[in-house]
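S.K.: Which chain is which? The protein sequence lines are A and B, in order. Numbering-wise, the first sequence is residues 1 to 90 according to the working numbering. Numbering-wise, the second sequence is residues 1 to 126 according to the working numbering.
Simulated from the structure, these hints should not be mistaken for laboratory data. Some hints here could point you the wrong way.
[To be verified] Here's a subset of chain A near chain B, in silico, CB distances under 8 angstroms, partners left out:
hint, residue
1, Val3
2, Phe6
3, Ile7
4, Val16
5, Leu20
6, Ile31
7, Pro32
8, Leu36
9, Asp39
10, Asn44
11, Val47
12, Val51
13, Gly53
14, Leu70
15, Ile77
[Unchecked claim] List of simulated lysine-lysine pairs, DSSO-like, C-alpha gap at most 30 angstroms:
hint, chain 1, residue 1, chain 2, residue 2
16, B, Lys101, A, Lys27
17, A, Lys27, A, Lys86
18, A, Lys27, A, Lys81
19, B, Lys101, A, Lys81
20, B, Lys101, A, Lys86
Here the structure is a predicted model, which is why all the values come from computation and not from measurement. Every residue, glycine too, gets a C-beta built ideally from N, C-alpha and C.
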Amino acid sequence: MFVQEFIAAVIPLYLVATVLYLYRALKGPTIPDHVLGVDLLSYNLAVLFIVLGIFFEEPILIVTAIPLALWIYALDIYVAKYLERKVMGA
Amino acid sequence: MIEELLVYTGLGLIALGAFAQLVSGIGVNRFRNFYLRLHAATIGSIWGCVYPIAGAGLVALGYKELGPYSTFMAGAAFVTSFLILILSPAGSHALARAAHKTRQALVEPCVHDALDPSMCVRGGGS
Numbered sequence: 001m002f003v004q005e006f007i008a009a010v011i012p013l014y015l016v017a018t019v020l021y022l023y024r025a026l027k028g029p030t031i032p033d034h035v036l037g038v039d040l041l042s043y044n045l046a047v048l049f050i051v052l053g054i055f056f057e058e059p060i061l062i063v064t065a066i067p068l069a070l071w072i073y074a075l076d077i078y079v080a081k082y083l084e085r086k087v088m089g090a
Numbered sequence: 001m002i003e004e005l006l007v008y009t010g011l012g013l014i015a016l017g018a019f020a021q022l023v024s025g026i027g028v029n030r031f032r033n034f035y036l037r038l039h040a041a042t043i044g045s046i047w048g049c050v051y052p053i054a055g056a057g058l059v060a061l062g063y064k065e066l067g068p069y070s071t072f073m074a075g076a077a078f079v080t081s082f083l084i085l086i087l088s089p090a091g092s093h094a095l096a097r098a099a100h101k102t103r104q105a106l107v108e109p110c111v112h113d114a115l116d117p118s119m120c121v122r123g124g125g126s
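If we strip away everything but chain A, and leave its shape as in the complex, we get (with noise of 0.2 angstroms):
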């Protein structure tokens, strides 16, 4: 089957929507601007850990992005808390 050729034609696209929100996490004038950057970015490497899991053939990959996935959300919701009420912690 064709599925490496498949891969290896669409994670381009990835890589390109990986530029634009690093300038957007990099750039952003307030600071929830910064927080959704790393926030895509962060769902964009999830993605990718596990399309690059079956394009090596790799199953372990898979195991990294459910943290990160858990991970992604403590960051919204540490950021979300410490605007409203100046105090760092869940």
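Go by the hints and put chain B onto chain A.
M.R.: What follows is chain B alone, placed relative to chain A:
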């Protein structure tokens, strides 16, 4: 037969996710205030993250080269996509609420802001 169907469906979802991430990247850079950028960002996290991960799970179910770990990979992919489906809107809403309550990001081209009219910056075109 059923394996080919799974693999083709999954590859289609991965390609859809790549297109959605590209649209989201353009939208995040082109929209004009934080709340509009949040709209583009949720396109990138649902269409661009949940669907390709579920598609990767479908590919892993039908892709024999992965060996005995293919069902493990499919299950982990479905769990990840479900977690992101639940957690990503919750995180975005918390961030938007904090940004609006603490006046970090003004509503720049504004028509009407019922929560806090003093944050509504009129003008600036559409």
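S.K.: Decide, hint by hint, whether the structure agrees.
M.R.: Cross-check of the supplied hints:
no.	hint	verdict
1	Val3	holds (6 angstroms)
2	Phe6	holds (5 angstroms)
3	Ile7	holds (7 angstroms)
4	Val16	holds (6 angstroms)
5	Leu20	holds (3 angstroms)
6	Ile31	holds (6 angstroms)
7	Pro32	holds (4 angstroms)
8	Leu36	holds (5 angstroms)
9	Asp39	holds (7 angstroms)
10	Asn44	holds (6 angstroms)
11	Val47	holds (5 angstroms)
12	Val51	holds (6 angstroms)
13	Gly53	holds (7 angstroms)
14	Leu70	holds (7 angstroms)
15	Ile77	holds (6 angstroms)
16	Lys101(B) - Lys27(A)	holds (23 angstroms)
17	Lys27(A) - Lys86(A)	holds (24 angstroms)
18	Lys27(A) - Lys81(A)	holds (23 angstroms)
19	Lys101(B) - Lys81(A)	holds (11 angstroms)
20	Lys101(B) - Lys86(A)	holds (13 angstroms)
The structure shown violates none of the earlier numbered hints.
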